[in-house]
Amino acid sequence: MARFIVITSGKGGVGKTTCTANLGMALAKRGRRVAVIDADFGLRNLDLLLGLENRIVYTAVEVLAGECRLEQALVKDKRQPNLVLLPAAQNRTKDAVTPDQMRKLVGAMAQSYDYILIDSPAGIEMGFQNAIAAAKEALIVTTPEISAVRDADRVVGLLEAHNIKKIELIVNRIRPAMVKANDMMSVDDVQEILSIPLIGIIPDDERVIVSTNRGEPLVLSDTPSLAGTAYDHVARRLEGEKVDFLDLDANTGIMSRLRKLFSTKIM
Amino acid sequence: MTQSLRSMLADLLEKLFPRLRQNSSRETVKNRLKLVLTHDRIDLTPRMVEQMQQEILKVITRYVEIDTESLEFSLSNTQRSTALVANFPIRRVRPLTEEEQLASGSIAKTPFEELEAVLKAEKELEGMTIASLEIVEDSPSSDLGNQPSNNG
Numbered sequence: 280m281a282r283f284i285v286i287t288s289g290k291g292g293v294g295k296t297t298c299t300a301n302l303g304m305a306l307a308k309r310g311r312r313v314a315v316i317d318a319d320f321g322l323r324n325l326d327l328l329l330g331l332e333n334r335i336v337y338t339a340v341e342v343l344a345g346e347c348r349l350e351q352a353l354v355k356d357k358r359q360p361n362l363v364l365l366p367a368a369q370n371r372t373k374d375a376v377t378p379d380q381m382r383k384l385v386g387a388m389a390q391s392y393d394y395i396l397i398d399s400p401a402g403i404e405m406g407f408q409n410a411i412a413a414a415k416e417a418l419i420v421t422t423p424e425i426s427a428v429r430d431a432d433r434v435v436g437l438l439e440a441h442n443i444k445k446i447e448l449i450v451n452r453i454r455p456a457m458v459k460a461n462d463m464m465s466v467d468d469v470q471e472i473l474s475i476p477l478i479g480i481i482p483d484d485e486r487v488i489v490s491t492n493r494g495e496p497l498v499l500s501d502t503p504s505l506a507g508t509a510y511d512h513v514a515r516r517l518e519g520e521k522v523d524f525l526d527l528d529a530n531t532g533i534m535s536r537l538r539k540l541f542s543t544k545i546m
Numbered sequence: 526m527t528q529s530l531r532s533m534l535a536d537l538l539e540k541l542f543p544r545l546r547q548n549s550s551r552e553t554v555k556n557r558l559k560l561v562l563t564h565d566r567i568d569l570t571p572r573m574v575e576q577m578q579q580e581i582l583k584v585i586t587r588y589v590e591i592d593t594e595s596l597e598f599s600l601s602n603t604q605r606s607t608a609l610v611a612n613f614p615i616r617r618v619r620p621l622t623e624e625e626q627l628a629s630g631s632i633a634k635t636p637f638e639e640l641e642a643v644l645k646a647e648k649e650l651e652g653m654t655i656a657s658l659e660i661v662e663d664s665p666s667s668d669l670g671n672q673p674s675n676n677g
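Chains as they are written, first to last, in this note's numbering: chain A, 280 to 546; chain B, 526 to 677.
Heads up, a few of these hints could be off.
What the hints assert, rightly or not - Just the calculated beta-carbon pair ranges, DEER-fashion:
(1) Gln351/A - Pro571/B: 49 to 57 Å
(2) Leu569/B - Pro360/A: 49 to 57 Å
(3) Gly436/A - Gln579/B: 45 to 53 Å
(4) Ser426/A - Arg605/B: 16 to 24 Å
To be verified - Partial selection, computed: residues in chain A whose CB lies under 8 Å from chain B:
(5) Ile425
(6) Arg433
(7) Gly436
(8) Arg454
(9) Asp462
(10) Thr508
Hint data in this document are derived by calculation from the structure and do not stem from the laboratory. All C-beta atoms in this analysis are idealised placements derived from N, C-alpha and C, irrespective of residue type, glycine included.
Looking at chain B on its own, in the form it has when it is part of the complex (with noise of 0.2 Å):
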């Protein structure tokens, strides 16, 4: 008797407070298995996701400035399908060096076409920024429902 009572206290008590289950050791199995499995399906090692996650972000970096605190970077797991999930908060857009842009081609060769390229280059990047700048906001660095990636 005593304990159906104290089951039913338990119960009566998640009810009133949901997070309580959170702690139950079926949230904590449900958690485990998702993300071991997430592994399992994708037969990556952890040093290979480490791998691809330092080299997607050298591309990246070469175009745009990252916030590297709050990047996400994660498997997930729907309907037997895994999906890579990487978030990656843009700062800013990084100006082409000069080097760079001379590679690209875009400084032409007489001085008056070279400053008119160069202004071209400029208001391009002027309206890149302010797009990006969009993108931040659209971005915040979370809200995609997915684990983050070095959790557990």
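Pulled out of the complex, with its shape left as it was, chain A reads as follows (with noise of 0.2 Å):
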């Protein structure tokens, strides 16, 4: 039986597709059968960050409409064949499709894969309903900004109300040399506002905006990236591993940076 998470966030910018993309990814690799759906109707992204905005040919809206087959519509990674997408169509708005379709939509997928993610438009309105209507977990992605933070805050209260239980949250850009200077938030700052346990901590990497360039998920590249390694845990938290958070602050504390300093003049 396949796990039903919904990556949501309220605030849009956050970082909710990449991290889809990532964790679909890592999951695939690690050898589960995982299925991505793109929830963001008339808004879809998805596509571009997986690279396979050409392979698609239907979407879920002609699968709910009868139009074509539910595999028809599942455009299969070539890199990564434990992966598929299920498009999101372009065209139509959010109000294209119900909780109740998607919900059918979704169980229909439940025997063939092992994890079922669905990518939430911002936002709290029909977009949002239709995601979570089909969610057993959730995934909260915020950043340490007072905007996305409050934002969160409310999609968690809506997911209580909705009787999801198992809500886990994901800090996304985070900066450890602001962290250090009191200029941002910490992850702990942030997990003491919204008291849901953690589940994962993503340093800012430009690497993030080069792999969006070439619609190429961070953990599929070779040469390894801080936030591609923290995907990467957290798709190991996700299959129950336990696994430590990456230490950020490495080399920013005073001590560590003055003895630096000396060692360098010295040498």
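Each chain sits in its own coordinate frame; assemble them with the hints.
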């Protein structure tokens, strides 16, 4: 039986889709059968981050209308055959689908996959309601900014009201140097405020932008990156492994920097 | 280099004077968030909170005299649940007026019984006064660790 996980945030632009793409790939790399569903009807982007935009023939809307079979709409990834994408329609609005239809659609995939990741649109309106309709678990993506955390808190409340009990937190775009300078909330600050269990810390990493440009999720890259490793760790934690959080503070503390300074001066 | 030196200096200063941190934007944003989330979560308008405070105060002052200067009334958040934290420092127990005593039926019918009842009531009141004085000492107006209601 598949795990139904919605990736949501409330606020837009905090990294939901990047997170869905990377987690989907990381889980597929680990041998899991993964389906990623773009629930952002009218503003789809998941296909771009996965580099699958040219291979879309049908979308979820055609499946629901009975114009094609579900299997025809699923886009298989050539790099990672364990992963399929169910694209959203780009020429419709978020009202094109109802929560009931969404539940039926996702339910039909339950037998064939281990993980079904649903990429939620921003906001808390119809598109969000559709995205959470079929979900049993949720990953909340937020950044250490006041508006993102406030919206995340609102979404947590809505998920709880919707009886989704397993809700975990991913803090994205953390900048350790700014936290050190007391100019950014730390992961602990955010987690203390939201009071939900933490499953991921993703550092702010320029390589995320590069990977988006190419349509290749970071976790597929041969050269390791901090953000890519962090996403891989989230996937492993989803699998039930105990993985320590990355130590992003390394070499930014005063003592280590002093040591570094002196050692460079002396040598 | 100068920048890293400067940030090292800032680090050092902060280690030596922890109070500096309280003025940081990080502390500011945390406090702003906590306050706004408290109200978001409970979905009460500030007016409703104010109204609730007035009504509760009305009931309490019927029985005891409150130090209105230092009373605290606020919503606070722990672990995704919201609590109403109120601290009403008691000045003294307000004796019942004759009317109220009549209403509560504590005044007996015959003069002798009346005297006895009043004496008894006085005794009770004395006991209560002492007890409530202890309360005053037990509950100085702060130290609960909650934010004051009109802060922010």
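Verification of the hints:
1. Gln351/A - Pro571/B: 49 to 57 Å: Given a distance of about 55 Å, which is inside 49 to 57 Å, the answer is holds.
2. Leu569/B - Pro360/A: 49 to 57 Å: 53 Å, holds
3. Gly436/A - Gln579/B: 45 to 53 Å: 28 Å, violated
4. Ser426/A - Arg605/B: 16 to 24 Å: 20 Å, holds
5. Ile425: 5 Å, holds
6. Arg433: Holds - the Cβ of Arg433/A comes within 8 Å of chain B, reaching about 6 Å at its closest.
7. Gly436: 7 Å, holds
8. Arg454: 12 Å, violated
9. Asp462: With a minimum Cβ separation of about 5 Å from chain B (threshold 8 Å), the hint on Asp462/A holds.
10. Thr508: Interface hint status for Thr508/A: violated (25 Å vs cutoff 8 Å).
Hint check: violations occur at hints 3, 8, 10; the rest are consistent with the structure.
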